[in-house]
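Undergrad: Here is how the chains run, residue by residue.
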Amino acid sequence: GNSVTQMEGPVTLSEEAFLTINCTYTATGYPSLFWYVQYPGEGLQLLLKATKADDKGSNKGFEATYRKETTSFHLEKGSVQVSDSAVYFCALSSGGSNYKLTFGKGTLLTVNP
Amino acid sequence: NAGVTQTPKFQVLKTGQSMTLQCAQDMNHEYMSWYRQDPGMGLRLIHYSVGAGITDQGEVPNGYNVSRSTTEDFPLRLLSAAPSQTSVYFCASRENRGSHGYTFGSGTRLTVV
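First to last, the protein sequences are chains A and B. Sequential numbering from 1 applies to the first sequence in this note's numbering. Sequential numbering from 1 applies to the second sequence in this note's numbering.
Rather than coming from a laboratory, the hints here were simulated on the basis of the structure. From the three backbone atoms N, C-alpha and C, an ideal C-beta is built for every residue, glycine too. Warning: the hint list may mix true and false statements.
[As the list claims (entries may be wrong)] One side of the interface only, derived from the structure: several residues of chain B facing chain A at Cβ under 8 Å:
(1) F10
(2) L13
(3) M41
(4) G42
(5) L45
(6) G53
(7) I54
(8) Y64
(9) F90
(10) G101
(11) Y102
(12) F104
(13) G105
(14) S106
(15) G107
[To be verified] Straight-line alpha carbon distances no greater than 20 Å define the calculated EDC-like cross-link-like pairs of lysine to aspartate or glutamate that follow:
(16) A/K52 with A/E76
(17) A/K100 with B/D73
(18) A/K68 with B/D38
(19) A/K60 with A/E76
(20) A/K56 with A/E42
(21) B/K9 with B/D26
(22) B/K9 with B/E59
(23) A/K60 with A/D84
(24) B/K9 with B/E72
(25) A/K60 with A/E42
(26) A/K52 with B/E95
(27) A/K60 with B/D56
(28) A/K100 with B/E72
(29) A/K52 with A/E63
(30) A/K105 with B/E30
(31) A/K68 with A/D55
(32) A/K105 with A/E8
(33) B/K9 with B/D38
(34) A/K56 with A/E69
(35) A/K100 with A/E63
(36) A/K105 with A/E76
(37) A/K105 with B/D73
(38) B/K9 with A/E42
(39) A/K105 with B/E95
(40) A/K105 with A/E42
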């Protein structure tokens, strides 16, 4: 079956630091990959996505590259802000089950001024 | 557009009570899903629907019931609430074509005492 493993948090950084949150997956076929962000007290928002190997998704300074050879989709940002403090979820949908999302457990990011 | 609307935002139930969590979307999306979010567990799929009149079970369906009589609405029913159902519940929807991510509602925080 499908599964997503992402680095456990919490992650605490100072403003302007570099961020990496690791995400690896197992899936049948060729999955689509997503990063969602959840700000305190809110629902999940789609941050970025990639639908095929070597695609790079980007949004709000965040990037992630779909690496089929390493089955990874690591989230990066060059300079984090306090407003980036949130929980980040890696997720995939795959093949005949593309209506279902499989989530990682989430990584809490706290950015201090 | 309102997107995905969930009601209520908060609810306290006594063990054994039943209730319905409401979910409505105004984007004419075919796919809808219910997830529960628990600390350290990520989001787990409860039930999903690929169109009006079609529903199926996800990972953790026990104790929950759904129906999809219209494209817009996808209510989740708790048949006899148990403390293990204390959680945050999210409804989500997406188009049935392409690799679009899901749009999530803002959630219902349920406590069963």
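Undergrad: Taking the hints in turn, state whether each one holds.
TA: Here is what the structure says about each hint:
1. The interface hint given for B/F10 is violated, since its Cβ lies 11 Å from the closest Cβ of chain A, which is over the 8 Å cut-off.
2. At a threshold of 8 Å, the smallest CB-CB gap from B/L13 to chain A is about 21 Å, leaving the interface hint violated.
3. Hint status for B/M41 relative to chain A: holds, with the closest Cβ pair at about 6 Å, below 8 Å.
4. At about 4 Å, the closest approach between the beta carbon of B/G42 and any beta carbon in chain A falls short of 8 Å, and the interface hint on this residue holds.
5. Among the interface hints, the one on B/L45 holds; its C-beta lies about 6 Å from the nearest C-beta in chain A, closer than the 8 Å criterion.
6. A cut of 8 Å between beta carbons decides the hint on B/G53: the least distance to chain A is about 15 Å, and the hint is violated.
7. Residue-level restraint check for B/I54 is violated (minimum Cβ-Cβ distance to chain A is 10 Å; threshold 8 Å).
8. A hinted interface residue such as B/Y64 counts as satisfied when its beta carbon comes closer than 8 Å to some beta carbon of chain A; here the least separation is about 16 Å, so the hint is violated.
9. Annotation: interface hint on B/F90 holds; nearest CB of chain A at approximately 6 Å, less than 8 Å.
10. At a threshold of 8 Å, the smallest CB-CB gap from B/G101 to chain A is about 4 Å, leaving the interface hint in force.
11. Using the Cβ-Cβ criterion of 8 Å, the hint placing B/Y102 at the interface with chain A is satisfied: the shortest such distance is roughly 6 Å.
12. This hint holds: B/F104 has a C-beta 4 Å from the nearest C-beta of chain A, less than the 8 Å allowed.
13. Nearest Cβ of chain A to the Cβ of B/G105: about 6 Å, under the 8 Å cut. The hint holds.
14. Annotation: interface hint on B/S106 holds; nearest CB of chain A at approximately 4 Å, less than 8 Å.
15. A least Cβ separation of about 5 Å between B/G107 and chain A falls short of the 8 Å threshold, and the interface hint therefore holds.
16. Distance check on the hinted pair: A/K52 and A/E76 sit about 18 Å apart at the alpha-carbon level, within 20 Å; holds.
17. At most 20 Å may separate the alpha-carbon atoms for a hinted pair to count; A/K100 and B/D73 meet this at roughly 18 Å.
18. For the suggested pair A/K68 and B/D38, the alpha carbons sit about 30 Å apart, so the restraint of at most 20 Å is broken.
19. Note on A/K60 and A/E76: the hinted pairing holds, with a Cα-Cα distance of about 11 Å set against a maximum of 20 Å.
20. Between A/K56 and A/E42 the alpha-carbon distance is near 26 Å, which puts this suggested pair outside the 20 Å criterion.
21. At most 20 Å may separate the alpha-carbon atoms for a hinted pair to count; B/K9 and B/D26 meet this at roughly 19 Å.
22. For the suggested pair B/K9 and B/E59, the alpha carbons sit about 24 Å apart, so the restraint of at most 20 Å is broken.
23. At roughly 10 Å between alpha-carbon atoms, A/K60 and A/D84 fall within 20 Å of each other, so this suggested pair holds.
24. For the proposed pair B/K9 and B/E72, the alpha carbon gap of about 19 Å is at most 20 Å, so the pair holds.
25. A hinted pair counts as satisfied when its Cα atoms are at most 20 Å apart, and A/K60 with A/E42 qualifies at roughly 18 Å.
26. Of the pairs offered as hints, the one joining A/K52 and B/E95 holds, with about 19 Å between alpha carbons and a cut-off of 20 Å not exceeded.
27. A hinted pair counts as satisfied when its Cα atoms are at most 20 Å apart, and A/K60 with B/D56 does not qualify at roughly 35 Å.
28. Note on A/K100 and B/E72: the hinted pairing holds, with a Cα-Cα distance of about 18 Å set against a maximum of 20 Å.
29. Restraint check for A/K52 and A/E63: satisfied, since their Cα atoms lie roughly 15 Å apart, inside the 20 Å limit.
30. Restraint check for A/K105 and B/E30: the C-alpha separation of about 26 Å exceeds 20 Å, so the hint is violated.
31. Between the alpha carbons of A/K68 and A/D55 the distance comes to roughly 10 Å, so the proposed pair stays at or under 20 Å and holds.
32. Taken as a hint, the A/K105 and A/E8 pair is honoured in the structure, with Cα atoms around 8 Å apart against an allowance of 20 Å.
33. A hinted pair counts as satisfied when its Cα atoms are at most 20 Å apart, and B/K9 with B/D38 qualifies at roughly 16 Å.
34. Note on A/K56 and A/E69: the hinted pairing holds, with a Cα-Cα distance of about 15 Å set against a maximum of 20 Å.
35. A C-alpha spacing of about 23 Å is found between A/K100 and A/E63, which places the hinted pair above 20 Å, so the restraint is violated.
36. Taking the CA atoms of A/K105 and A/E76, the gap is near 18 Å; set against the 20 Å cutoff, the hint holds.
37. Proposed proximity of A/K105 and B/D73 is contradicted: the alpha carbons are some 28 Å apart, above 20 Å.
38. Restraint check for B/K9 and A/E42: the C-alpha separation of about 11 Å stays at or below 20 Å, so the hint holds.
39. The straight-line distance between the Cα atoms of A/K105 and B/E95 is roughly 25 Å, outside the 20 Å bound, and the hint therefore fails.
40. At most 20 Å may separate the alpha-carbon atoms for a hinted pair to count; A/K105 and A/E42 meet this at roughly 17 Å.
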